[in-house]
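*Asks:* Each chain, letter by letter, is given below.
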Amino acid sequence: QQQVKQSPQSLIVQKGGISIINCAYENTAFDYFPWYQQFPGKGPALLIAIRPDVSEKKEGRFTISFNKSAKQFSLHIMDSQPGDSATYFCAASKSGFQKLVFGTGTRLLVSP
Amino acid sequence: ETGVTQSPTHLIKTRGQQVTLRCSSQSGHNTVSWYQQALGQGPQFIFQYYREEENGRGNFPPRFSGLQFPNYSSELNVNALELDDSALYLCASGGTASTDTQYFGPGTRLTVL
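Just so you know, the sequences run in chain order L and H. Sequential numbering of the first sequence, starting at 1, is according to our numbering. Sequential numbering of the second sequence, starting at 1001, is according to our numbering.
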């Protein structure tokens, strides 16, 4: 049973544009929601994470929006750059258990 | 860099063989988790170790086993390899069992022929 659904599967954005990736979760016990960036041949790198007590968190060009009632969260990449081209994974876990449940990933291509 | 290292980088085995993958966590991190990432998929949780004891397991058979050592290193052992075991194996280290942030290593690419 897939507990975290991620969309779109792939995304092409022009340089300078906004990239938006969406995730939905099912397990209401989840209370930690990180986003990871993965380049080919590398391990996932933590980008930004949020907990349900806030609706938005911003770090540089990356913003997480969180909707607890809808059980959805999204990643916005502002001013997208070619160097942002990578696969992005949302994940969720129950705080204190460190068992991350990942989405299926979104392959982002930022065209110059 | 996350400070998490894994070896080897790549590995080729044949069906039925056994394999041991190694991970060195960040100093001071008492938890280590292992994940399997099939091509084009998100990582799947295999199990977690905390202070050398298994502290949670995903939906993987017992032929997947692990060890954690006092020096922040750990092993993932897979017996009776199957073709479907071909994947990128990732270890992730965290602080204590109650710390949510995990840092991933670069992974070991296992190919089973």
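Keep in mind that the hints are not guaranteed to be accurate.
[Said to hold, decoys possible] Not everything, but these chain H residues come out facing chain L in the computed CB check (under 10 Å):
no., residue
1, T1002
2, T1009
3, G1016
4, V1019
5, S1027
6, T1031
7, Y1035
8, G1042
9, Y1050
10, P1062
11, F1064
12, A1087
13, D1100
14, T1101
15, Y1103
16, P1106
[Claimed, not checked] These stretches of chain L come out as covered by chain H in the derived footprint (C-beta under 8 Å, 3 or more residues):
no., region
17, 37–50
18, 61–70
19, 87–99
Worth flagging that the hints you see were computed from the coordinates, not collected in a lab. By construction, the Cβ of each residue, glycine as well, lies at the ideal position given by its N, Cα and C atoms.
*Asks:* Next, verify each hint and record whether it holds.
*Replies:* Results of checking the hints against the structure:
1. T1002: With a minimum Cβ separation of about 7 Å from chain L (threshold 10 Å), the hint on T1002 of chain H holds.
2. T1009: Status holds, d = 9 Å.
3. G1016: Since chain L brings no Cβ nearer than about 28 Å to G1016 of chain H, farther than 10 Å, the hint is violated.
4. V1019: violated (19 Å)
5. S1027: Violated, because the Cβ-Cβ distance from S1027 of chain H to chain L comes to roughly 18 Å (cut-off 10 Å).
6. T1031: holds (6 Å)
7. Y1035: Because about 8 Å separates Y1035 of chain H from the closest Cβ in chain L, which is inside the 10 Å limit, the hint holds.
8. G1042: holds (3 Å)
9. Y1050: For Y1050 of chain H, the interface hint holds, since the closest Cβ of chain L sits about 9 Å away, which is under 10 Å.
10. P1062: violated (18 Å)
11. F1064: violated (15 Å)
12. A1087: violated (13 Å)
13. D1100: With Cβ-Cβ at 5 Å, under 10 Å, it holds.
14. T1101: holds (7 Å)
15. Y1103: Check passed: Cβ of Y1103 of chain H comes within 7 Å of chain L, closer than 10 Å.
16. P1106: Holds, because the Cβ-Cβ distance from P1106 of chain H to chain L comes to roughly 5 Å (cut-off 10 Å).
17. 37–50: This one holds; 7 residues, not fewer than the three required, reach chain H with a Cβ under 8 Å.
18. 61–70: violated (count 0)
19. 87–99: Result for this restraint: holds, n = 8.
Of the hints listed earlier, those the structure fails to meet are numbers 3, 4, 5, 10, 11, 12 and 18, in rising order.
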